[in-house]
Structures are given as C-alpha cells and as structure tokens.
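**Q** Sequence:
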Amino acid sequence: MNTLNAQSMYHSPDIRAVYARVRQLAHLATDAANHLIDAAGILDHTREGLPIELGDGFLAVLTEQQARHEAGRRFTLVASLTALGSSDALATAELFVAERRRRGFVPEHQPPARSHAQSTTLRAVARGDVAISNGKPCLRREDIRVSISTIRALENRELVAREDCPDWFRDERLHLTATGRRDLAASFAQPRRTSLSIRPASLPPTAAASRSR
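Start counting the sequence shown at 0; every next residue gets the next number (numbering that gives the first Met the number 0).
Hints in this document: simulated from the structure, not taken from any laboratory.
All residues carry an ideal CB built from backbone N, CA and C; glycine is no exception.
Per label pair, the in silico range of CB-to-CB distance:
no.: 1; residue 1: Gly56; residue 2: Arg169; range: 35 to 45 Å
no.: 2; residue 1: Gly103; residue 2: Ala5; range: 16 to 26 Å
no.: 3; residue 1: His44; residue 2: Glu154; range: 35 to 45 Å
Please work from the sequences and hints to get the whole structure.
**A** So this is what it looks like as structure tokens:
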C-alpha cells in the first residue's frame, strides 16, 4: 500500500478498484498467515505435551492424531483463502499498469520480445499454475498448454526459476524472478505490434488485361 501511496496519480475508478483489491489481498494474506501460525503452534505444543486452546477458553492436551487433524483444518482454511490470490494479484497489477498507460505513464523498461508461448507461460507461472514433476510441466488448469522447452527458454533468460515443492505430487514449482516480474509488468496493456506483410503490387488495369489475353 505504501508503494501505491507514493505514486502521484489521479484516483480514477480503476485506481480505486486497485486499492480495494490490494487491501483485500492484504487481509487474506494476514488471515492465512495467522492460521499457519496456529497450525504450527498446535503441532509444537502437542510434541511438548502442552495443552492447546480449542475455543471458549477450553484447554486440552491433544494426541498426535488430533493435533494433525486440527492443523489440517487450518491448512484447508489457508488453501481456501489463498486459492485465487495469485490470479487476483496478477489481474490487479495488470489493471494498474493499463490505467497508468492510459494516463500517459509508460513503463521505462521495455522488455525484449517474447513468443506467444513464452508470454502465456510467464503469465501461468505468475498465477502459480505451473509445477514440474518427473521433468515435465504440471498445470493446475486445463485451458493452457506449457512445454518444457518453453520453460527452459524462460529459465535461460532468467525470467523464471525453480524451487522445491512441498506437494507430494510435484517435484518443483516455478516462480518469477525479479527480472521476470519486471518484464511481465512492463508488458501489461502493451500495444500489439502490427506485422507488415509484403504483397505484390497490383498491376495496372491495362497490364492485367494484356496478360489475360
């Protein structure tokens, strides 16, 4: 929020929507963090044989199975709170950049050209939709296609990086690097580059008529 407040800009309806989304994302992130802290506390207290507060001031020493169940409930809440967080963050960033462009503020950084597949993959990584399992991409959505060659191309350009994934069914997950975030943000609402195609010049009517004879 401080970064937004530091910007000198007209608070148009779109900018006000950006503020509202950022506040909402901040609240969701705080709630999710609190649930994770609670889950860690439950597991730690149970290992040490200490009582856990289960609500309304009721204290109980849990078994390991009960502690895992209570922690699991909080993990489920965290997953629910953050399920759309990355997609909302991406949409909010794009809305902000698009509105700034419309007001004449063009990002200073101009990223190198990317193929359509690379741009699609970069967005998918930003949404947290791409992981790696057995050397192959694993996607959370079925409406996109990502190839390992495209991922490697983005890695070579230092736009994405891998890290170990705690999910049992995934080996690694992908995330944007600082360069990747900068390049993606600079490409939001970017005018499409029109490709010029060379066509043969049309013949004058007299020449066309003579050829047809």
